[in-house]
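Asker: Quick note, the sequences are listed as chains A and B, same order.
This note's numbering numbers the first residue of the first sequence as 1085 and each following residue consecutively.
This note's numbering numbers the first residue of the second sequence as 2 and each following residue consecutively.
The set of hints was computed from the structure by calculation and includes no laboratory data.
Predicted model, so just to flag it, every value in this text is computed and none were measured.
All residues carry an ideal CB built from backbone N, CA and C; glycine is no exception.
Possibly wrong hints are sitting among the right ones.
Part of the chain B face toward chain A, derived, beta carbon under 7 Å [stated by the list, open to error]:
1) Phe91
2) Val96
3) Val98
4) Thr99
5) Phe110
6) Pro164
7) Leu165
8) Gly166
9) Pro260
10) Leu261
11) Phe268
12) Leu272
13) Val273
14) Leu275
15) Ile277
Some chain A residues well away from chain B (every beta-carbon gap over 12 Å; in silico) [what the hints assert, rightly or not]:
16) Thr1095
17) Val1186
18) Tyr1262
19) Met1288
20) Ile1302
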Amino acid sequence: MSALGGGYFKTSYEADLALVDTRLRRLALTALVLVLLALPRFASGFVLDLVSQAAFAAIGALALNVLTGLAGQISLGHAGFLAAGAFTTAALVERGIVSPLVTLPATALVGGVLGLVVGIPSLRLKGLYLALGTLAMHHVVLYAAGEMQARAGGNTGFTIPAPRLGGLVFRGTVAWYYALVALAALVLVLVVNLQRSRAGRAWMAIRDRDVAAASVGIDVARYKLSAFVWSSVITALAGALFAYHRGFVSVEAFGFFVAVDYIAMIIIGGLGSALGAVLGAAFVTLLPYAIDALVAGVSPDAAQYYVFPAKFGAFGLLMALFLVFEPLGLVGIWRRVRNWVFLWPFRHRPLRASS
Amino acid sequence: MAQALATTLVVASLYALLGAGYVLVYRASRVLNLAQGDLLTLGGYFLFATAATFPGAPALALPLAAALSALTGVLVYVALMRPMAGHPVFAAVLVTVTLGILLRAAIVFVFTDRTRHPLQNLGLSNPPRPLAGGAVVSTFDLVMVGAAVALFAALFVFLKVSPLGIRMRAAGERALLASQRGINFHGVFALSWALAAFAGGLAGMIYSSNVRLEPSLGILGLRAFAVALVGGLDSLGGVVPAALLVAAVEVASVRWGNPLLSDVSPFLCLLVMLLIRPWGFFGTREELERV
Chain A
1085 MSALGGGYFK TSYEADLALV DTRLRRLALT ALVLVLLALP RFASGFVLDL
1135 VSQAAFAAIG ALALNVLTGL AGQISLGHAG FLAAGAFTTA ALVERGIVSP
1185 LVTLPATALV GGVLGLVVGI PSLRLKGLYL ALGTLAMHHV VLYAAGEMQA
1235 RAGGNTGFTI PAPRLGGLVF RGTVAWYYAL VALAALVLVL VVNLQRSRAG
1285 RAWMAIRDRD VAAASVGIDV ARYKLSAFVW SSVITALAGA LFAYHRGFVS
1335 VEAFGFFVAV DYIAMIIIGG LGSALGAVLG AAFVTLLPYA IDALVAGVSP
1385 DAAQYYVFPA KFGAFGLLMA LFLVFEPLGL VGIWRRVRNW VFLWPFRHRP
1435 LRASS
Chain B
2 MAQALATTLV VASLYALLGA GYVLVYRASR VLNLAQGDLL TLGGYFLFAT
52 AATFPGAPAL ALPLAAALSA LTGVLVYVAL MRPMAGHPVF AAVLVTVTLG
102 ILLRAAIVFV FTDRTRHPLQ NLGLSNPPRP LAGGAVVSTF DLVMVGAAVA
152 LFAALFVFLK VSPLGIRMRA AGERALLASQ RGINFHGVFA LSWALAAFAG
202 GLAGMIYSSN VRLEPSLGIL GLRAFAVALV GGLDSLGGVV PAALLVAAVE
252 VASVRWGNPL LSDVSPFLCL LVMLLIRPWG FFGTREELER V
């Protein structure tokens, strides 16, 4: 992964396995961790909330990236997995089981089973047909959730108390900021490691050409299902987090456009890249606030009903522009800038350099 | 029972109009147009705009709105779908999702999100009509059924007999071969998109006259894609039985289930179909491998 294109050689297996390999990267990572740790000291609650939201979105985007970016299985049903996780938690809380030590494993189990069920059609269906199947699954999950909500009497949704872990209570902006950022980092490391493991390589082979993957001995059925299960377990856990974080679960929060949001994140970030998923999640989360600020700066008295379509439209327009002009997403832009900085005055990497 | 039959027929007509749009677009671009529902909404708003411009002149407002809908289809093809040729299907489908978002944003921008009733400006009324057997439907319910029957009859004749229709079928079958025989497939595909947008717009005009008009009508389109898939994504003839089936299941689930179940019933039909016969009633089996 040497950006300098030569002169840096790894001399041990440990060095080859290390996620952070050069001094510059170690320095950058330390700086990032320090900034994230110290942020609550000098940033306002609003900024912390934004970062928390982006971290939460990053978890979902990383999970979708495993399925769509790495394994190449298109899913329009991501919001369905999220809803399944959130409503599993809500159902358990409703029955008096509030400890996250019970709800989170239960949610993971439900997510895994759902992923398996949705994944099985992927053994027969490809592309568009699979996407439609996942979309149908999304509606079925929402129907089940809606039934549950209607049965519970209070038609608006479920209230979830703040989770307790031992003596620790997750309540308030700062606590959730640390929890969500730490969990997002955890998921990021997990996904990066999955990506370079046997499973990740198998997924990428299936994505690029399933017939070729099968002919070199990859068990296509098994790895397709494992991609679905990994993705759905992480997403369902994100759904449980959503329930605890917001303290409220309702069907309305998991519409089709939530799934579109997540797809936009991994497209804008860059398909198949963990860094891209994080960048895309931050971008899509912050975009509406940026437009709000922009509109407030340009014309403070603009009618509110113009702001909503402007946000919605800008979001759609950006997604289309990225799809057509920059399929590698933000990560592609970042790599080009980085290469340009490191390689200047040359334009291209040396041919023999490790990529 | 007669009421249930009548309702099924009306709902099936709406789904058939939308399903025709899905199939026409799929045959042209091998893409499922997830913006079809928003093209429906747009048709309704075109009618609202033309009716407001020419109040009391439905003979002018209706054809104008229909023409605007068809024109939108051509514009979408030229501006969005033609550049997406050669890109992965996934990207093209997402572009249609994007198109839906943009259309909805544009509609809210121009017309705000208030609920509208274009019929008021049109100077027409929508009285209930009793049918044989004690069923009652509204006038525009009947118009919907008539429009669906007329559209399918016209499409059938057009595709079977007219040279342009035969070219459209050829290009839909295999664009490369068609272009080598001198068929201007870009023109043909633009026409397919125009027809799809016209069918969707027509459904939107009738639906908005009948019920109401608001930017979120596009959700109807999501439900109607189940129809296109159950019938076979590349089979126009499959749309009719599929629309009847999905509508019947939906009406039955309202009668014996609850409204929530009826909302999800098209998707249940879709899932069952995907499991037992993914290429649909009359679809081509090879399509599964090609996408």
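Asker: Evaluate each hint against the coordinates.
Answerer: Evaluated hints:
Interface restraint check: phenylalanine 91(B) against chain A, minimum CB-CB distance 5 Å, threshold 7 Å, status holds. Nearest Cβ of chain A to the Cβ of valine 96(B): about 6 Å, under the 7 Å cut. The hint holds. Satisfaction of the interface hint for valine 98(B) is found here, the shortest Cβ-Cβ separation to chain A being roughly 6 Å, below the 7 Å cut-off. For threonine 99(B), the shortest C-beta to C-beta distance to chain A is roughly 4 Å, which falls under 7 Å, so the interface hint holds.
Using the Cβ-Cβ criterion of 7 Å, the hint placing phenylalanine 110(B) at the interface with chain A is satisfied: the shortest such distance is roughly 4 Å. At about 31 Å, the closest approach between the beta carbon of proline 164(B) and any beta carbon in chain A exceeds 7 Å, and the interface hint on this residue is violated. Checking leucine 165(B) against chain A: minimum C-beta separation of about 27 Å lies over 7 Å; hint violated. Among the interface hints, the one on glycine 166(B) is violated; its C-beta lies about 25 Å from the nearest C-beta in chain A, farther than the 7 Å criterion.
Checking proline 260(B) against chain A by beta carbon gives a least distance of about 10 Å; that is not within 7 Å, so the hint is violated. A cut of 7 Å between beta carbons decides the hint on leucine 261(B): the least distance to chain A is about 5 Å, and the hint holds. Evaluation of the phenylalanine 268(B) hint against chain A yields a held restraint, the C-beta minimum of about 4 Å falling below 7 Å. Interface hint status for leucine 272(B): upheld, as the beta-carbon distance to the closest one in chain A is roughly 5 Å, under 7 Å.
Against a cut-off of 7 Å between C-beta atoms, the interface hint on valine 273(B) is violated, since the closest Cβ of chain A lies about 10 Å away. Annotation: interface hint on leucine 275(B) holds; nearest CB of chain A at approximately 5 Å, less than 7 Å. The beta carbon of isoleucine 277(B) comes no nearer than 11 Å to any beta carbon in chain A, farther than 7 Å, and the hint placing it at the interface is violated. Remark: the non-interface label on threonine 1095(A) is consistent with the geometry, its nearest Cβ contact in chain B lying 41 Å away (cut-off 12 Å).
No beta-carbon of chain B is positioned within 12 Å of the beta-carbon of valine 1186(A); the least distance is around 29 Å. With a least beta-carbon separation of about 34 Å from chain B, tyrosine 1262(A) lies farther than 12 Å from that chain, consistent with its non-interface assignment. With 12 Å as the threshold on Cβ separation, the claim that methionine 1288(A) sits away from chain B holds: the shortest Cβ distance comes to roughly 15 Å. At the 12 Å boundary, the C-beta of isoleucine 1302(A) stays outside the reach of chain B, the nearest C-beta of that chain being 19 Å off.
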